[in-house]
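Protein chains: 2
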Amino acid sequence: MLEDKNIPKTPIATLGEFALIETITKDFTIHDPSTHIGIGDDAAVIQHGDEETIVSTDLLIEGVHFDLSYMPLKHLGYKAVMVNLSDIYAMNGTATQITVSIAVSNRFPLEAIEELYAGIRLACNNYKVDLVGGDTTSSTKGLMLSVTAIGKAPKEEIALRSGAKEGNLVVVTGDLGGAYMGLQVLEREKAVFQVNPQSQPDLSEYSYCIERQLKPEARTDIKALLKELDVKPSAMIDVSDGLSSEIIHLSKASKVGCQIYEDKIPIDPEVGKTCEEFNINNTTAALNGGEDYELLFTIDQSDFEKVKGHPHLSIIGHMTDESSGYNMVTGLGQQIELTAQGWNGTQTEE
Amino acid sequence: MLEDKNIPKTPIATLGEFALIETITKDFTIHDPSTHIGIGDDAAVIQHGDEETIVSTDLLIEGVHFDLSYMPLKHLGYKAVMVNLSDIYAMNGTATQITVSIAVSNRFPLEAIEELYAGIRLACNNYKVDLVGGDTTSSTKGLMLSVTAIGKAPKEEIALRSGAKEGNLVVVTGDLGGAYMGLQVLEREKAVFQVNPQSQPDLSEYSYCIERQLKPEARTDIKALLKELDVKPSAMIDVSDGLSSEIIHLSKASKVGCQIYEDKIPIDPEVGKTCEEFNINNTTAALNGGEDYELLFTIDQSDFEKVKGHPHLSIIGHMTDESSGYNMVTGLGQQIELTAQGWNGTQTEE
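These protein sequence lines are chains P and W, in that order. With the first letter of the first sequence counted as 1, position 326 gets the number 326 in the working numbering; the numbers rise by one all the way through. With the first letter of the second sequence counted as 1, position 27 gets the number 27 in the working numbering; the numbers rise by one all the way through.
Here chain P stands alone, though its shape is the one from the complex (with noise of 0.2 Å):
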């Protein structure tokens, strides 16, 4: 639907492993000193000194994780690097290098790989990492993409989800719930398309939202801007699965309780009007939607002024004490329980 139907189609198998390796890599550049040895021997060597190496790993299957009828293939590279990168910033690290491992059945051409690839070069140019490394194979069935991300940090900037204390300032970055409401709008017109493929939707209306889903960007600034502020994370989690399971996570790993207020969940005009044409709670959205990609991390009460009223950052709740829970206030004052599918009302009274 999105997607150019009219690029050439080159089939992969005329050119074998090692060209294709070739032909996929050959437009990468080497950003990070840190590299030594990219692609090209049986592992990649990277020198981090005297800092910790962070690594994260995620696996993208079609069918699963993504519709290629609207995902268009530069994308899915990119957010393939997003979502792994994100790992890394939430550990409050510097990410520095990213392997990649693809399956493809023999449906897709040379062509649509290297669009995949010219996606994750974008993705490792704005955000200055290296490809070093990853496997390219056959798949009896659609695409399948493995993409470990390594990084750095310093020991003591390293930020876990168990170092959150009570009375810890609950804060999360940007705006939430837009990824979930650009997945619905895509698969309302994807279901248009089927029945009228000649239509042509005007989707600009919508476009904050659909950037969201099909191009989602990572927090890398977050790490410069807390130590531009001068405050230290004392936990941090990246929001991929919606913000209900993120803080019940970061709670847990901590052993304490928290309680959010639903009127402080920052969300973006467009991603409120989108819901409430979708009939969908926009609070419902945040929770349960996932994939922002934003990160929720915990601070000192302390530090309270220096992160108030930051355009980026929005302080949502506190922690509390464990045998408290997960909670949330919600706009009507009413105080209800979040579960890690989401928050659900009729729980409250248990």
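Note that these hints are calculated values from the structure, not bench results. This one's a predicted model, so the numbers in the text were calculated from it and none came from an experiment. Some hints here could point you the wrong way.
What the hints assert, rightly or not - A few chain P residues that don't get close to chain W, going by computed Cβ distances all over 10 Å: (1) T10; (2) I46; (3) G93; (4) N126; (5) G142; (6) R161; (7) G174; (8) F193; (9) N196; (10) L229; (11) F278; (12) I280; (13) S302; (14) E305; (15) P311; (16) I315.
Said to hold, decoys possible - Below, simulated DSS-like cross-link-like pairs (lysine-lysine); rule was C-alpha separation at most 30 Å, straight line: (17) K190(P) with K141(W); (18) K306(P) with K255(P); (19) K255(W) with K255(P); (20) K26(P) with K252(W); (21) K9(W) with K141(P); (22) K141(P) with K215(W); (23) K165(P) with K155(P); (24) K141(P) with K190(W); (25) K128(P) with K155(W); (26) K26(P) with K165(W); (27) K141(W) with K9(P); (28) K273(W) with K26(P); (29) K26(P) with K155(W); (30) K26(W) with K165(P); (31) K215(P) with K264(P); (32) K232(W) with K252(W); (33) K264(P) with K252(P); (34) K308(W) with K273(W); (35) K306(P) with K252(P); (36) K128(W) with K155(P); (37) K306(P) with K165(P); (38) K306(W) with K232(W); (39) K26(W) with K252(P); (40) K308(W) with K155(P).
Each residue gets a CB set at the ideal place from its N, CA and C atoms; glycine is no exception.
The hints should help you fit chain W onto chain P, whose structure is shown.
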């Protein structure tokens, strides 16, 4: 066929992702002091001090890389780790951590996944590496495994593919062709089993070949052995694809030619006997077979006496000037050209 079908079957859907992760990771222990943070945060944290960090990754797809009708899941888990550790050892490095991502269709019950991880855990314990992360997801078809291995080495010890010099001797560890012949035996037994599911084959006379295929061991011992012999490899690669394509990779990366001798290629007697039975030339099995996970490396001529006659090491040839190409002298004294797909006697007159 070789799998026990009587294990209990708990549908994975009854657990959810987090309980699944907890179930499969609870029996893993930490071996390496460089593992600071393992599973459970956004990313793992590893401290490699002043040494280089080495990273390698592989993707294994059901129906492409393995056939569960004769590959027990525990063996698959073990082998998936070996494939990656082998790449770290091929840099003359020490493997320290792995991450494992899996995608599984709902035909696999929890007990199957536990079997897979039992094999991964055995590999971690035997090779003293730590499982520090991964991803678990559903697949629309079959089983996929993505493993990333991380290792370390002092800079001066790392052996790249590109370090071989003209006149260097070519050395291979262990013996070759066994894994390929094991595959032939298993494929034949699978065909027999499909015709007669009651057949109880006696595979004991193929036990070495089958073990090479189903439970290969990566050469973690070679780094220490070479130190003991006071030999520094100038270049190194692991034999995952067959001797022929590996020595061509190494020669090309080093910008040299090579000449090996057919009658120096180490073949186990059982492998030779199985080759005869299957009417496969044993040199073909060694050159093209792959999956032996032995190491191929080059050393200075002055180290000849240190290596000569060692039971784990075979000197099979030497590096020549680049323009001489990639050649093998057959048992009959004829020189033939090696190709990446193996050797082809008809091409020698070109």
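Is K26(P) close enough to K155(W), meaning Cα to Cα at most 30 Å?
Roughly 26 Å between the alpha carbons, so the hint for K26(P) and K155(W) holds.
Just double-check G93(P) for me: nearest Cβ-Cβ distance to chain W has to come out over 10 Å.
violated (7 Å)
Would you check the hint for K306(W) and K232(W), treating anything up to 30 Å between C-alpha atoms as holding?
holds (11 Å)
Distal placement of F278(P) relative to chain W, Cβ over 10 Å:
holds (26 Å)
Restraint check for K215(P) with K264(P), where alpha carbons must lie at most 30 Å apart
Holds - the C-alpha atoms of K264(P) and K215(P) are around 25 Å apart, at most 30 Å.
Taken at face value, is the distance from the CA of K273(W) to the CA of K308(W) at most 30 Å?
holds (26 Å)
Pair hint outcome, K141(P) versus K215(W) [Cα-Cα no greater than 30 Å]:
holds (27 Å)
30 Å limit on alpha-carbon distance, applied to hinted pair K26(W) and K165(P)
holds (26 Å)
30 Å Cα cutoff - pair K306(P), K252(P)
holds (27 Å)
Beyond 10 Å on every Cβ pair: is that true for G174(P) relative to chain W?
holds (17 Å)
With a cut-off of 30 Å on the C-alpha distance, tell me whether K308(W) and K155(P) pass.
With Cα atoms ~47 Å apart, K308(W) and K155(P) exceed 30 Å; violated.
Minimum Cβ distance from N196(P) to chain W greater than 10 Å, as the annotation requires
Nearest chain W Cβ is 27 Å from N196(P), so the label holds.
In this structure, the hints that do not hold are numbers 2, 3, 5, 6, 19, 28 and 40, in rising order.
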